[in-house]
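Enquirer: Chains A and V supply the protein sequences, listed in that same order. Under the numbering used here, the residue at position 93 of the first sequence is numbered 144, and the numbers go up by one with no gaps. Under the numbering used here, the residue at position 109 of the second sequence is numbered 386, and the numbers go up by one with no gaps.
None of these hints come from the bench; they were simulated from the model. Hints are supplied without guarantee of correctness; some may be wrong.
[What the hints assert, rightly or not] Keeping only pairs whose Cα atoms sit at most 30 Å apart, straight-line, the calculated DSSO-like set for lysine-lysine is:
1) Lys305/A - Lys217/A
2) Lys371/V - Lys130/A
3) Lys300/A - Lys323/A
4) Lys130/A - Lys340/V
5) Lys399/V - Lys524/V
6) Lys305/A - Lys281/A
7) Lys376/V - Lys130/A
8) Lys173/A - Lys130/A
9) Lys281/A - Lys323/A
[Stated by the list, open to error] Far from chain A, by Cβ distances over 12 Å, these chain V residues were calculated:
10) Leu478
11) Phe523
12) Ile544
Ideal Cβ positions, reconstructed from N, Cα and C, are used throughout, including at glycine.
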Amino acid sequence: MTKESISAKGDLRLTRLSKSYGDFTAVDDLSLVIPEGSFFALLGPSGCGKTTTLRMIAGLEEPTVGSIHLGTTDITTTKPYQRPINTVFQNYALFPHLTIFENIAFGLRRRGIKDVDAAVSKVLDLVELPHLAARAIVNRPALLLLDEPLGALDLKLRRQMQIELKWIQKEVGLTFVHVTHDQEEAMTMADTIAVMNEGQIEQMGSPADLYDNPKTAFVANFLGQSNLIKGTISGNDGDSHIVDLFGQKISLQKNRSHANDQFIYAGIRPEKFRISRLGTPTSGNILTGGHIEDVSYIGVSTQYQVEMPWGQELMVFEQNDDGVAPFSKGEEVNISWEPIFTFGLRGDEDATAGSEVNPEELDEE
Amino acid sequence: MGKIRTPYLLLLPGFGFLFTFFILPIINLAQTSTQTPVGGGDTGQYEQTLRFSNYVDAFVENKEQFGRSFVYALIATLLALAIAYPLAYAIAFKGGKLKNFMLVLVIAPFFTSFLLRTVAWKQILGEEGFVVPTLRNLGIISDSTTLTSSAFAVVMGMTYNFLPFMTLPLYASIDRIDPRTLEASGDLYANGFTTFRRVTLPLSMPGVVAGTLLTFIPAAGDYVNAAILGSPNTKMIGNVIESRYFKIVDYPTAAALSFTLMAVILILVTVYVRKAGTEELV
Numbered sequence: 052m053t054k055e056s057i058s059a060k061g062d063l064r065l066t067r068l069s070k071s072y073g074d075f076t077a078v079d080d081l082s083l084v085i086p087e088g089s090f091f092a093l094l095g096p097s098g099c100g101k102t103t104t105l106r107m108i109a110g111l112e113e114p115t116v117g118s119i120h121l122g123t124t125d126i127t128t129t130k131p132y133q134r135p136i137n138t139v140f141q142n143y144a145l146f147p148h149l150t151i152f153e154n155i156a157f158g159l160r161r162r163g164i165k166d167v168d169a170a171v172s173k174v175l176d177l178v179e180l181p182h183l184a185a186r187a188i189v190n191r192p193a194l195l196l197l198d199e200p201l202g203a204l205d206l207k208l209r210r211q212m213q214i215e216l217k218w219i220q221k222e223v224g225l226t227f228v229h230v231t232h233d234q235e236e237a238m239t240m241a242d243t244i245a246v247m248n249e250g251q252i253e254q255m256g257s258p259a260d261l262y263d264n265p266k267t268a269f270v271a272n273f274l275g276q277s278n279l280i281k282g283t284i285s286g287n288d289g290d291s292h293i294v295d296l297f298g299q300k301i302s303l304q305k306n307r308s309h310a311n312d313q314f315i316y317a318g319i320r321p322e323k324f325r326i327s328r329l330g331t332p333t334s335g336n337i338l339t340g341g342h343i344e345d346v347s348y349i350g351v352s353t354q355y356q357v358e359m360p361w362g363q364e365l366m367v368f369e370q371n372d373d374g375v376a377p378f379s380k381g382e383e384v385n386i387s388w389e390p391i392f393t394f395g396l397r398g399d400e401d402a403t404a405g406s407e408v409n410p411e412e413l414d415e416e
Numbered sequence: 278m279g280k281i282r283t284p285y286l287l288l289l290p291g292f293g294f295l296f297t298f299f300i301l302p303i304i305n306l307a308q309t310s311t312q313t314p315v316g317g318g319d320t321g322q323y324e325q326t327l328r329f330s331n332y333v334d335a336f337v338e339n340k341e342q343f344g345r346s347f348v349y350a351l352i353a354t355l356l357a358l359a360i361a362y363p364l365a366y367a368i369a370f371k372g373g374k375l376k377n378f379m380l381v382l383v384i385a386p387f388f389t390s391f392l393l394r395t396v397a398w399k400q401i402l403g404e405e406g407f408v409v410p411t412l413r414n415l416g417i418i419s420d421s422t423t424l425t426s427s428a429f430a431v432v433m434g435m436t437y438n439f440l441p442f443m444t445l446p447l448y449a450s451i452d453r454i455d456p457r458t459l460e461a462s463g464d465l466y467a468n469g470f471t472t473f474r475r476v477t478l479p480l481s482m483p484g485v486v487a488g489t490l491l492t493f494i495p496a497a498g499d500y501v502n503a504a505i506l507g508s509p510n511t512k513m514i515g516n517v518i519e520s521r522y523f524k525i526v527d528y529p530t531a532a533a534l535s536f537t538l539m540a541v542i543l544i545l546v547t548v549y550v551r552k553a554g555t556e557e558l559v
């Protein structure tokens, strides 16, 4: 069994995986395929089950239900040391009694690799900051797991490491599975992101897919910011729905609507909005009767809070690139956007889901 | 200036205490160790003659007890280590909410007198205890074998009495190990045994060194266990020193033996600590 599992390779398949601790279900019936060679991110807030999922893949936790396959090999119950999987731990978990060299050589020595010196110096050439991931990468595992290893670094170093890790992944061609609560980090690095919430995957896709067309309020709010406006589908116009938002009609492409009846939340990202003064010609979807509530000039853009006639405040990010004088507080404005940017969410969702968690404040699970 | 003086002022009470009750007596002891009886004087009357051969005489006369002391202390230390390591490991890693309670249990024996507990071992290993009949029924010892007044009883008593001194530093050391390093070891292809040998044990070495020293040093000089649980054939050097002082009133020999014991322990400990490669104790 040892020999068989240690040389397994291929896609990672999680099938109906659950993990419970007493009454608490950390991971709930999760199925997932991570293709060989991809850079995959599990993104979610603290307690969403992403770390538990990672630990089950590593073999540090045993699933309550479900199975884990690497290629065709079932590795659900094999020990961590019998899996061709290495982890970059959150705090790196370096062996304090060993030198950096011996830390990196640890896995090689355990597997009885002959030329340890060559392998270690090769991996040190590859990675700029040796302690970060070298101890895992040197083993060339079928799967490399990253458990928020960049969390402790300052912002600048973190960005640098993100780019380096992405480059290393391309260079060595290993499958990377990265757990993080930092949506920007996930979007920077991963080909595919699975957004997790309460033990389940909310949505999976490329960073652009998830951002442009979120399927749930949780994803819309957790990944960037969103304006969600309550409405009803009042008619159809070819490939689009006509949506009534408090008496004003806008258009939403049918294939971007995830509502299952006429009750809907129309979602628009703040940077997709344009603000215009009354009387200025506008096109696309238009909402009228807004008042500027708040103006924050932040250099690259100006952020506005616009209060709409139905009492909701919408968030608008305007690029400071058009020479138009900033709007001032109290001014009456119209808001417009390209219809293709509208996404539709189910009307029975909690519009604040995922927005009250501040990812920066959260620590490990 | 006041700030600079403060640490020295804080040192004063400790230094004063140790000077009065440790340095002065030890100088006195050193002086005593080279004295000889006053010619024609009473028992216990000695004069300084710088007779360094007191040391040679004392050692040659008692080398058997010296050897026995170190062998017993070594066995007791190894036994205590074998018992305390799994115990400390379990408390540190599996103790959970009961951790503190279990630590209290480890030191609970201290609430009873050391002498009383040692005497209790006499009962436990005696004919009326449950150990001897059980071992006889199992055929492990013959019907004529007794366990009291034996080397076995002395070593068991020492192991028992010094167990907390082994357990506590081990616990402190193991408890400080980041469990993620053990997970990392498993992740890096080391099975349970290899993880223990390559990660857990090296990381707990400060505790092993501290625990073995805290057990071995007092055990080598111990005389209570041998006095209560042993026989004339299990006399340790502590018993000899005790009887030289209080029974025979041969102060120079007792002092010479004390110094020899100190020197041997010091040499052994230095070699051991060097070998263990640990400078930081606990």
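Enquirer: Give a verdict on every hint.
Expert: A quick look at each hint next to the structure:
no., hint, result
1, Lys305/A - Lys217/A, "35 Å, violated"
2, Lys371/V - Lys130/A, "20 Å, holds"
3, Lys300/A - Lys323/A, "18 Å, holds"
4, Lys130/A - Lys340/V, "54 Å, violated"
5, Lys399/V - Lys524/V, "24 Å, holds"
6, Lys305/A - Lys281/A, "17 Å, holds"
7, Lys376/V - Lys130/A, "28 Å, holds"
8, Lys173/A - Lys130/A, "28 Å, holds"
9, Lys281/A - Lys323/A, "18 Å, holds"
10, Leu478, "10 Å, violated"
11, Phe523, "48 Å, holds"
12, Ile544, "27 Å, holds"
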